[in-house]
Amino acid sequence: MGKYQQDVQTLLEQIGGKTNIQAVSHCMTRMRFVLVDPKKADEKEIEKIPSVKGTFTQAGQYQVIIGNDVANFYQEFTKYAGIEGVSKDAVKSAAKTNQNLLQRIMGALGEIFAPIIPALICGGLVLGFRNIIGEVDLLNGRTQSLADVSQFWAGMYSFLWLIGEAIFHFLPVGITWSITKKMGTTQILGIVLGLTLISPQLLNGFSVATTPANEIPVWDFGFAQVQMIGYQGQVVAAIMAGFVLVYLEKFFKKICPEVVSMVVVPFCALVPAVLIAHTVVGPIGWKIGDFIANIVNMGLASNFKLVFAALFGLFYAPIVMTGLHHMTNAIDSQLVNTYGGTNLWPMIALSNIAQGSAVLAMSFLQKRNERAQQVNIPACISCYLGVTEPALFGVNLKYGFPLVCGMIGSACGAVISIGTGVTAISIGVGGLPGILSIFPEYWVNFLLAMAAAIIVPFVLTYIVGSRKLSREDRVMESAPTAPPTVETAEPTAVETPDSHASVALQAICDGHTLPLSEVPDDVFSKGIMGEGMAFEPTGDTIYAPADATVSVVMEDSRHACGLTLADGTELLIHIGVDTVDMKGDGFTLFVHEGDTVKAGDKLITFSPNNITSAGHPKTTVLIVTEPAGHTNMTFHTGIDAKHSETVAAELA
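For the sequence shown, position 357 matches number 357 in the working numbering, and the numbering has no gaps at all.
Hints in this document: simulated from the structure, not taken from any laboratory. Incorrect hints may have been included.
[Stated by the list, open to error] DSS-like mimics (lysine-lysine), calculated; alpha carbons at most 30 Å apart, straight line:
# : residue 1 : residue 2
1 : K3        : K39
2 : K18       : K40
3 : K3        : K18
4 : K79       : K181
5 : K468      : K53
6 : K468      : K398
7 : K44       : K79
8 : K526      : K3
9 : K583      : K526
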């Protein structure tokens, strides 16, 4: 009889039976189900099961929280149910069947652009800096630029175009690579396909409009001719070509014998994909991309442009919360390619600023609430640097009115921006640094729009908050200090050893410590897994907080591990949020289940850049999943900690 036999029987019954399970897997703490009919799952009854700590639905997956021993529970469940578990990727894929078409499209676009965004941001800054040194006449009575009067800056101006061209003109290579990476096919074939779209053998796509039709080179196949046109900077055409390659490769892998697969599949997938890209999907994608860009540009240049701007500025923050904002990356790139600049990006940067200003007002209102400030200040800084999610989910949505005030300020800034013709040279850093992406002749106009995006949300939030915020929200009441106790000696008392002596847990990494409530994952922030704390790492290594035995590790994803102390206390260390989706990319394990470790021993290393590029927070949690008799736990949050030196928690 298994340890969880009764619990797995009840779970299978209450989740709707075997026939209601489309796929099941597990991560470090929870079972992940894709259900045929989610309504058949009786959530109240499931949460009564002793082993279950909670349930929730996310991205089409019904997740049942078990804890550190989820692997054993999972084994017993799949054995009893008579079903085979699948990989987390398969569960994720199956979960998409519970999403509507728009959600799936937006999710796919987000996953395609997420790995490319760091390059786009870098490219935006490069072009912005290049603009400053070569296009802005600052010297000799505002008649010459830095590049005009200095050979060094002239050389730098020329050199920086090497990077700008690589990022924006050769963007199709990044897109086709990212598609093959996302779809799990051969990435080098995606790169080769992208290169065939921007090959120097082709007429540069930016020169097509100025080249007479009879001078465009062609491939002459005798019975047909195909124009040799490049797709520099094209987004939609590259996306379509990338998916053609992916599905051709998957088709030939399915029908080709394994013994010749290595030779046949790449050839049969790549050659037709390149031909189809240049004869069918490339020209169609070009037209679609131009159509989308023209429609958006018409909205931004029409008599109703101020209404369009107001609506876009008003609703962009809620759009971010739904994930639909990923589409704007493709539209912005297409606008830059078609018109040489984008009016859309400045409004996005202004929305970042407006939401940050609402948080800034909350920071003033809650200046005496230390716990709130631990969220407000980092969220405000993050917004002003172009990342709004911490502010949206951690502050503004929580209270409601700051979100609305930020939306109003964003709409005001957007109207000024569009009304004065502000144009960005490219996608760049959002928030306050977004001005570096703006054409210099529009800097003053953009500064006016920025002023509106700062002042309007701040003033509105402060006024509304002064009336709506309770005293508990504005002031963190200090806990009453207990009177000192005086211990009196009792000669007849016999001292007995304490089986639950105090335990000090050292910091598991270098970084700033946070209360668990600030972790952007309800399973941790609501204390479902137990009490604990969080770290915002500044390094790339996780260390053991105390002498312990490694009780569990995620060998495939390598993003988490469990430890058991000598007195039975169980700890969970989880690096990042939703990093299980990274499949171990950038993570290295230094321990295995059953190993004994000393305080300060290296457990896991990770790549902060990989986590950020994958679109996940780096926030790392330390949870006491089994206190083993410790009833008084103190976590030192709001401090800068150093691994193996700073005492992060004390269990008594």
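- Message: Does K3 sit within 30 Å of K526, going by the straight-line distance between their CA atoms?
- Response: Measuring from Cα to Cα gives roughly 27 Å; hence the hint holds.
- Task: Sort out whether K526 lies within 30 Å of K583, counting only the CA atoms.
- Result: holds (26 Å)
- Is the hinted pair K18 and K40 satisfied, with a Cα-Cα distance of at most 30 Å? Between K18 and K40 the Cα gap is close to 12 Å, so the pair holds against 30 Å.
- Message: Need the status of pair K79, K181: alpha-carbon distance at most 30 Å?
- Response: Distance of about 33 Å is beyond 30 Å: violated.
- Item | Straight-line alpha-carbon gap K468 to K53, limit 30 Å | Violated, at about 34 Å.
- Does K44 pair with K79 here, judged by a C-alpha cut-off of 30 Å? This hinted pair holds, its Cα atoms lying about 24 Å apart.
- Query: Keeping to a limit of 30 Å between CA atoms, is the pair of K468 and K398 held or broken?
  - Reply: It holds: about 13 Å lies between the C-alpha atoms, which stays within 30 Å.
- Item | Distance restraint between K3 and K18, which requires alpha-carbon spacing of 30 Å or less | holds (21 Å)
- Holds or violated: are the alpha carbons of K3 and K39 at most 30 Å from each other? holds (29 Å)
Checked against the numbered hints given earlier, this structure breaks hints 4, 5; the rest are met.
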